[in-house]
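Produce the complete structure using the sequences and hints provided.
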Amino acid sequence: MSILHTVNKSPFQKNDLTSCLAHANDDDAVLMIEDGVYGAIKGTQAASQIAAAGATVFVLGVDLAARGISEDKVADGVSVVGYDGFVKLAAEHHAVNSWL
Amino acid sequence: MSILHTVNKSPFQKNDLTSCLAHANDDDAVLMIEDGVYGAIKGTQAASQIAAAGATVFVLGVDLAARGISEDKVADGVSVVGYDGFVKLAAEHHAVNSWL
Amino acid sequence: MSEDMEDGGDIKKFMYMNRKAPYGTIYALEALEVVLIGAAFDQDVSLAFVDDGVFQLTKGQDTAGIGIKNFSPAFKALGDYDVTKLYVEKESLEERGLTADDLMDLVYEDEDDDWAEKPSIRLVSRDELKTVLAEQDVIMSF
Amino acid sequence: MSEDMEDGGDIKKFMYMNRKAPYGTIYALEALEVVLIGAAFDQDVSLAFVDDGVFQLTKGQDTAGIGIKNFSPAFKALGDYDVTKLYVEKESLEERGLTADDLMDLVYEDEDDDWAEKPSIRLVSRDELKTVLAEQDVIMSF
Amino acid sequence: MKFGVVVNEGPYTHQASDSAYQFTKEAIAQGHEIIRVFFYHDGVNNGTRLTVPPGDDRHIQNNWSELAKEHNLDMVVCIAAAQRRGILDENEAKRQGKDADNIAEGFRISGLGQLIEAGIQADRLVTFGD
Amino acid sequence: MKFGVVVNEGPYTHQASDSAYQFTKEAIAQGHEIIRVFFYHDGVNNGTRLTVPPGDDRHIQNNWSELAKEHNLDMVVCIAAAQRRGILDENEAKRQGKDADNIAEGFRISGLGQLIEAGIQADRLVTFGD
Chain F
1 MSILHTVNKS PFQKNDLTSC LAHANDDDAV LMIEDGVYGA IKGTQAASQI
51 AAAGATVFVL GVDLAARGIS EDKVADGVSV VGYDGFVKLA AEHHAVNSWL
Chain U
1 MSILHTVNKS PFQKNDLTSC LAHANDDDAV LMIEDGVYGA IKGTQAASQI
51 AAAGATVFVL GVDLAARGIS EDKVADGVSV VGYDGFVKLA AEHHAVNSWL
Chain D
1 MSEDMEDGGD IKKFMYMNRK APYGTIYALE ALEVVLIGAA FDQDVSLAFV
51 DDGVFQLTKG QDTAGIGIKN FSPAFKALGD YDVTKLYVEK ESLEERGLTA
101 DDLMDLVYED EDDDWAEKPS IRLVSRDELK TVLAEQDVIM SF
Chain W
1 MSEDMEDGGD IKKFMYMNRK APYGTIYALE ALEVVLIGAA FDQDVSLAFV
51 DDGVFQLTKG QDTAGIGIKN FSPAFKALGD YDVTKLYVEK ESLEERGLTA
101 DDLMDLVYED EDDDWAEKPS IRLVSRDELK TVLAEQDVIM SF
Chain R
1 MKFGVVVNEG PYTHQASDSA YQFTKEAIAQ GHEIIRVFFY HDGVNNGTRL
51 TVPPGDDRHI QNNWSELAKE HNLDMVVCIA AAQRRGILDE NEAKRQGKDA
101 DNIAEGFRIS GLGQLIEAGI QADRLVTFGD
Chain B
1 MKFGVVVNEG PYTHQASDSA YQFTKEAIAQ GHEIIRVFFY HDGVNNGTRL
51 TVPPGDDRHI QNNWSELAKE HNLDMVVCIA AAQRRGILDE NEAKRQGKDA
101 DNIAEGFRIS GLGQLIEAGI QADRLVTFGD
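Residue numbers (this note's numbering), protein chains in the order written: chain F, 1 to 100; chain U, 1 to 100; chain D, 1 to 142; chain W, 1 to 142; chain R, 1 to 130; chain B, 1 to 130.
Keep in mind that the hints are not guaranteed to be accurate.
Some residues of chain U that are not near chain F, with every Cβ distance over 12 Å (derived) [to be verified]:
1. Lys9
2. Pro11
3. Gly43
4. Thr56
5. Val74
6. Gly85
7. Leu89
8. Ala91
9. His93
Subject to a maximum C-alpha distance of 16 Å in a straight line, what follows is the list of computed EDC-like cross-link-like pairs (lysine to aspartate or glutamate) [unchecked claim]:
10. Lys85(D) x Asp62(D)
11. Lys73(F) x Asp80(W)
12. Lys98(B) x Glu26(R)
13. Lys98(R) x Glu70(R)
14. Lys73(U) x Asp105(D)
Calculated from the structure, these hints are not laboratory results.
Note that CB positions come from ideal geometry on N, CA and C, so glycine has one too.
Right under this line is the structure:
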């Protein structure tokens with residue numbers, strides 16, 4: 001059974017994304033929201049961790065836009081979704097685990 | 001002129017201690033309080049960073065005791081002080097920088 | 001699905017994820033309050049202690065000097081509430097310079113084994129915990 | 001000591017340390033509110049953007065989709081309030097995959113140089129910032 | 001599908017309440033049922049009617065109260081968390097000997113059991129916090 | 001020596017207010033002068049009189065109010081931060097058309113200028129937060 005994980009904190013200041021990726025199974029999904037969206041920026045340590053992870057990784061587009069991170073800065077392998085996608089991901093997975 | 005830096009967050013989950021130590025000058029003092037006191041535990045990555053730092057490092061004893069970290073677990077080079085020591089350190093340095 | 005129709009209701013697997021240290025913030029205490037209330041609901045309850053969450057279980061906590069109530073004794077009551085599965089992640093302990101000896105002795109009496117006293121803390125590797133997480137129906141995070 | 005007895009009062013060096021990203025928490029916005037009020041007090045004001053604080057200055061912020069007010073335009077007003085020293089740490093930018101081109105153009109008019117328009121953002125290395133920090137009288141952290 | 005939503009931080013300081021609000025609106029728009037919005041920890045502070053945010057910013061409490069009215073949402077503030085933080089309804093204020101209350105329209109104060117119940121009854125429980 | 005103390009988080013949720021209280025008491029005990037305690041961000045929530053913490057825990061607001069009374073402390077709650085979060089005194093409540101106020105004894109509501117002034121007048125400004 002697969003889980004949707006949400007991460008809402010910057011990976012540059014807090015370990016939540018690192019810990020989430022280390023605890024996610026390969027059929028899980030990880031969605032970065034709020035300050036968590038900074039994890040989507042390409043060319044960073046966070047992007048390397050995401051590339052190495054087994055889980056599928058998403059990022060909330062409206063939180064990216066709010067922070068002035070344009071989609072051409074988003075690392076390969078990270079899919080941008082809206083709140084509609086967030087609700088769908090929550091429905092498609094068996095449980096939601098928020099990494100607070 | 002020297003600064004007293006305070007760090008109140010766990011170094012295992014947040015980067016505040018790392019950033020503080022990287023920005024402290026050699027004549028500065030760093031005081032770990034609240035959840036920051038976990039940085040005083042010997043044998044950890046945080047303890048290695050402290051050992052390599054130029055600044056003098058202190059830890060608030062009452063916050064250690066609250067968390068069940070006995071003083072024999074405190075890394076060499078970290079001095080345990082009480083609130084009396086905290087106030088004195090604040091008075092002795094030119095300014096206080098809280099790493100929030 | 002871990003559903004069970006006896007007693008006319010579903011039994012769900014509830015996981016309380018504890019990732020924060022005590023006292024610096026209130027999340028650990030208020031998480032424990034949820035667990036204690038939740039124990040009355042006859043669900044299949046587990047707790048995980050990961051990252052700084054392992055600090056919640058240290059023995060010898062003495063909060064007199066900071067003026068905050070020491071709530072660590074309440075973990076000892078969990079067994080009486082049939083909350084008997086406390087998963088503690090080995091990697092999180094090690095990174096923090098702790099061993100199982102630094103943690104409180106938490107036990108429960110096993111009604112299926114002549115009320116023998118058994119440890120509630122289950123030391124698990126990160127990989128073992130991943131398997132436990134995948135089985136859960138509801139994950140509450142603190 | 002950076003004390004100055006002219007005008008009958010001391011002038012202190014005030015440093016506002018910004019280490020948090022905008023919108024996820026309110027600290028960045030409420031820090032800016034302090035800076036704007038503080039500008040009326042004729043002190044020697046600097047701002048530092050370190051760690052996630054550098055994210056406060058990205059250009060193109062558009063908050064329509066999250067329903068929160070976009071306060072980044074207010075940084076452009078700082079020059080008019082004689083707040084002209086914004087230290088941005090290079091190492092913090094680089095770790096986050098950003099360059100100076102990703103930041104807003106913030107300028108002020110230099111009254112000592114025939115009101116020439118000059119950049120307010122000063123890119124500094126961590127070592128340079130350490131020197132600036134050592135000179136401060138009051139450090140407010142957000 | 002039945003969703004439960006948990007809000008663990010107060011208004012304005014963290015984005016949690018804003019995100020939960022956007023998520024809840026979108027879930028309703030997709031035809032899902034929101035069986036409860038539960039406010040815990042500092043989340044109880046979303047339920048005070050005394051906030052006066054700047055006129056050019058969103059009014060978080062009003063947004064929740066209006067959404068609740070429109071869609072008949074059950075918005076529950078945890079009583080234990082609320083007492084610690086000074087969120088009271090008229091009954092609680094009387095019972096505690098306080099001379100004022102501050103609960104906003106559409107919020108009700110109840111026990112933690114309501115959170116567990118939401119976990120049991122909802123198909124998905126989604127938590128927003130810090 | 002003159003100290004200013006800043007509290008940036010609310011009661012119970014973070015240790016900041018407890019630490020600031022212990023620091024302030026000790027500074028007074030050592031003969032220092034506390035020129036002001038300034039409550040900013042969620043720190044304004046320390047100033048509500050409506051909290052009802054469990055009987056076996058500390059009462060943070062009472063502790064501050066009593067310390068202020070005993071040592072004539074100037075405890076200032078930032079007005080802008082307080083409005084966002086629903087902390088009002090009688091005047092503010094009237095001005096904003098609210099039917100209740102919740103400020104506690106010993107706290108006064110004023111502007112951010114009081115924080116800057118504390119920075120200028122104090123020999124040391126010490127901040128507690130998250």
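Here is how each hint holds up against the structure:
no. : hint                 : verdict
1   : Lys9                 : violated, 9 Å
2   : Pro11                : violated, 10 Å
3   : Gly43                : holds, 19 Å
4   : Thr56                : holds, 25 Å
5   : Val74                : holds, 23 Å
6   : Gly85                : holds, 28 Å
7   : Leu89                : holds, 25 Å
8   : Ala91                : holds, 30 Å
9   : His93                : holds, 25 Å
10  : Lys85(D) x Asp62(D)  : violated, 25 Å
11  : Lys73(F) x Asp80(W)  : violated, 32 Å
12  : Lys98(B) x Glu26(R)  : violated, 32 Å
13  : Lys98(R) x Glu70(R)  : violated, 32 Å
14  : Lys73(U) x Asp105(D) : violated, 19 Å
Figure legend: structure checked against the earlier numbered hints; hints not met, in rising order: 1, 2, 10, 11, 12, 13, 14.
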